[in-house]
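Sequence lines, in order, name chains A and B. For the first sequence, the numbering used here assigns the number 1 to the initial residue and increments by one for each residue that follows. For the second sequence, the numbering used here assigns the number 127 to the initial residue and increments by one for each residue that follows.
Bear in mind the hints are in silico, worked out from the structure with no lab data behind them. Because the structure is a prediction, the values reported are computed rather than measured. Among these hints, one or two may not hold up.
Calculated cross-link-like contacts (lysine to any residue; reagent style SDA-like; alpha-carbon spacing at most 20 Å) [to be verified]:
1) Lys13/A with Gln216/B
2) Lys107/A with Val46/A
3) Lys91/A with Val241/B
Here are some of the chain B residues that sit facing chain A, going by a computed Cβ distance under 7 Å [as the list claims (entries may be wrong)]:
4) Val135
5) Thr136
6) Pro137
7) Ala184
8) Gly189
9) Gly191
10) Gln220
11) Thr228
12) Lys233
13) His238
14) Gly239
15) Arg242
Built from N, CA and C at the ideal position, the CB exists for glycine as well.
Protein chains: 2
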Amino acid sequence: MSDDSEVPVTPVKAFEPPYYAAVFTTVRTQDQSDYRETNARMEELVKAIPGFLGMDHAQTPGGLGITVGYFRDADALTEWRTDVEHRAAQKRGQAEWYQSYTLHVAKVERSHGFVRAQATQSATAG
Amino acid sequence: MSDDSEVPVTPVKAFEPPYYAAVFTTVRTQDQSDYRETNARMEELVKAIPGFLGMDHAQTPGGLGITVGYFRDADALTEWRTDVEHRAAQKRGQAEWYQSYTLHVAKVERSHGFVRAQATQSATAG
Chain A
1 MSDDSEVPVT PVKAFEPPYY AAVFTTVRTQ DQSDYRETNA RMEELVKAIP GFLGMDHAQT
61 PGGLGITVGY FRDADALTEW RTDVEHRAAQ KRGQAEWYQS YTLHVAKVER SHGFVRAQAT
121 QSATAG
Chain B
127 MSDDSEVPVT PVKAFEPPYY AAVFTTVRTQ DQSDYRETNA RMEELVKAIP GFLGMDHAQT
187 PGGLGITVGY FRDADALTEW RTDVEHRAAQ KRGQAEWYQS YTLHVAKVER SHGFVRAQAT
247 QSATAG
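Given only the sequences and the hints, what does the whole structure look like? Please build it.
Below you can see the structure in the form of structure tokens.
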């Protein structure tokens, strides 16, 4: 849920299924007052939830934003969904920040990852 | 799987569960030769699969890309996973285009959408 890419950028890894993914796809309005601060606070809150596994975010400039949060189980998701500050932020999002959004909550059945092998260190040895 | 935002931008809607979401999160390399063309071809192929529901894509410049494909059932996903051209593209992606990626395949259990109400047309009436 952050617009700030942390470095180095790397996708959340594949966990052992089952786990949950909450896919939140958004188009934002022109009015983004306090969005950044609220977003940072939401990120802080979700990371404190037991069973929170990680989060990926991508934002096309002027276009679609996709945030995917990963959770170990349905209880972790319920805790996030019912968080009081999160609910208040959702209301404000509908009133101000979002033109449209879709939320898909899904149980991951399989997953895998790929990481490119490091280039050989011949440059330092040569 | 496209880098081109179509207008108007709007998230894929919430379908009646259950359906499947394939979340593909990528970091790309410097070498993007033929990526665009292959990507366009993959988009054409996936759209032809019976049970394909839609696709959302967001790309942070210089950062993470997230593509989410939605499918009615596991059969549709299997057809996409085993497509010959798709498999060839995956191999080339590992060899050239992707620094790292993660794929999460998940069954959607609940979903909902929000669309902002249109502004009233008072401007045309006034």
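Which numbered conditions among the earlier hints are violated in the structure presented, ordered from lowest to highest? Going through the list in order, the structure violates no hint and respects every one.
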